[in-house]
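Asks: Just need the whole structure built from these sequences, with the hints factored in.
Number of protein chains: 2
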Amino acid sequence: MPEFPDDSVGLVTPQTAHFDDPLALACGRTLPAYDLVYETYGTLNAERSNAVLICHALSGHHHAAGYHDADERKPGWWDAHIGPGKSIDTNRFFVVSLNNLGGCHGSTGPNSTNAATGRLWGPDFPMVTVSDWVHSQARLADRLGIERFAAVIGGSLGGMQALQWSLTYPERVANAAIIAATPKLSAQNIAFNEVARQAIRSDPDFHDGWYTEHGTAPKRGLKLARMVGHITYLSEDAMGSKFGRDLRSEDLNFGYDVEFQVESYLRYQGDTFSTAFDANTYLLMTKALDYFDPAAEHGGVLADAVAPSRCTFLVVSFTSDWRFPPSRSRELANALTRAGKPVSYVNIDSPHGHDAFLLPEPRYQAVFSAFMSRVARELGLEKRA
Amino acid sequence: MPEFPDDSVGLVTPQTAHFDDPLALACGRTLPAYDLVYETYGTLNAERSNAVLICHALSGHHHAAGYHDADERKPGWWDAHIGPGKSIDTNRFFVVSLNNLGGCHGSTGPNSTNAATGRLWGPDFPMVTVSDWVHSQARLADRLGIERFAAVIGGSLGGMQALQWSLTYPERVANAAIIAATPKLSAQNIAFNEVARQAIRSDPDFHDGWYTEHGTAPKRGLKLARMVGHITYLSEDAMGSKFGRDLRSEDLNFGYDVEFQVESYLRYQGDTFSTAFDANTYLLMTKALDYFDPAAEHGGVLADAVAPSRCTFLVVSFTSDWRFPPSRSRELANALTRAGKPVSYVNIDSPHGHDAFLLPEPRYQAVFSAFMSRVARELGLEKRA
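One line per chain: the protein sequences are A and B, in this order.
With my numbering applied, the first sequence covers 15 to 399.
With my numbering applied, the second sequence covers 15 to 399.
These are calculated hints, taken from the structure and not from any lab test.
A quick note: this is a predicted structure, and the numbers were derived from the prediction, not measured.
Worth double-checking, as some hints may not be accurate.
[Stated by the list, open to error] Examples of chain B residues toward chain A, derived with CB under 7 angstroms: (1) Gln-202; (2) Val-209; (3) Pro-356.
In this text, a Cβ means the ideal position worked out from N, Cα and C, and glycines have one as well.
Replies: What follows is the structure, given as structure tokens:
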């Protein structure tokens, strides 16, 4: 038996759910059939009342906790918060984590075959929105026999899904945790996404999105997109204290090789990502971010948009997050309050910028754990031995 | 006679100064000969005591004020502040504005011929630093018969040159105005520059910098570099109030054509710049920014680094500037104060981000004018009729 930490969910195996019911999308197109790859941690109780849905962010996927094999170097991306005794305690909750439609980790997306053409979907994959994801996730919940989630939880783009769940399926969400998110992107947010898209789409290896058929990939563009993204995930202070103006070697080289440590870090992050992620998926995800704006259909009045929700909310922001700053979370918390919804808003002191939502900041863990304990208590969930 | 506004310096003609004395550079190489293109506004007085040097920023040049011809659509880049009756009053001051070495507007740079090879300098043009520029500017001053500047003035990268002047040639600077600048880049600043460089250098049309010989130019890369730059020049609020989430047409198109106004703006800015500016120059300028750090030779103690200065300083920042935020200007003002130097520091309330230094904000103009009036008074400069 492989050795995993005591508070790890241990070895996990992704599963795939196939759906044959066509899914009508916000863009007007219909996905005739699709797969969703997902993982579960913990056990669904007899009442099916202890399920928690985890929604992933821009570059995330279904592997949120545990290990795929004994040699896996790092556990799932939210392992700090999911496991026995952790904030999302798998001794109490049955956790579902999936890869969204349009993703590149196993769910149907640009790298899947379009049955109608026999060709990869590639750039023909339809634009998907946060609402579309929520609908597809609801079908997965049906498949798993989950009528109502104890909580729907996500950070960043995942938080937008949690919010949308509370509006689209109010009866199916008891609690929603919306972390480091925003009720809509700012012009600056859209601008950064647009730079990322232009970087990918102007890469000569992009071939209008048919790069796989050309036996190539727009790695230069994807690398640049990720480099820009990374700058916005870290706070200026975090970058400063992590790298400062430290040089890679003793002297300046007065050339374009890496001179400063921060350059080395960014290039490495960009290179790694550019070989691991799909460019068409990246484009789709940034568009889903841009489109999200539940208030738009309510004359821009967010308090009106959130009126249908029937859950209890936790809204969390991080002081140094400048991608989705505390002011945006406050805007959401205020709108929920104005709409008479039960909401706790917590602004966590952290130097780690947007990335803080992934990290085990002690106060964040305390707040998150307290929220989930209340969820368990109110739903009468027993802790398994 | 063409009609220009009364407060314009009117028609101006660039001049070129050729230098045959080799210039030893910080990188260890030597520029055997070079040209500097410059403009002057106003008249040098008999005492040669009323000269003001304007230093330009990343994408700037010598054309700071007035018009090159009657049809020129826009005046020079700092026309809001240079002219008869303006902050830098050409009825009092003789203003010198040049294109820096390595530039692409007429001074010797990557697009000039390297006499040693008969080929364009291209990527072989030596790396130039703020100190190198100051040395070359001092030679231009010699040529113009200017022993001591009434003021050396610049915004952003230009402000770094003004600071460096006060340290390298303390006897030659009576006053220095350092606007929207920083005593050194932060890791985040360097990171944004590095993204810009990677965008240019990974463009297949870059050809290791020999693009002109290949009959092409890395326009995609330069466009991306400028788009990233532009996001950092504007404040989040300015972008928000200028564009918000306004759509280009009535409906979302669920595709990658322009949907939001901010995308349209960024693409336009990037396209325009990519055909007007030279990529090798852009690379050099970003490196000059990265390298600037006068405190480095003084164990990181800025107050020690500024000890040689003998001028009076004006340090200006803008509240919404997040590229070089007020905290960085305060750092400089504090170091000058600690070193016992006369310094006025003003933080101007402006929503326009880093770009504010180019704009005619009323309080900025008032502060700038008051500073320059004091300079004129103390140097006994007469206002010409």
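Asks: Compare the structure with each hint and give your call.
Replies: We went through each hint and held it up to the structure:
1. Gln-202: With a closest approach of 4 angstroms, the Gln-202 of chain B hint holds.
2. Val-209: holds (5 angstroms)
3. Pro-356: Since chain A brings no Cβ nearer than about 29 angstroms to Pro-356 of chain B, farther than 7 angstroms, the hint is violated.
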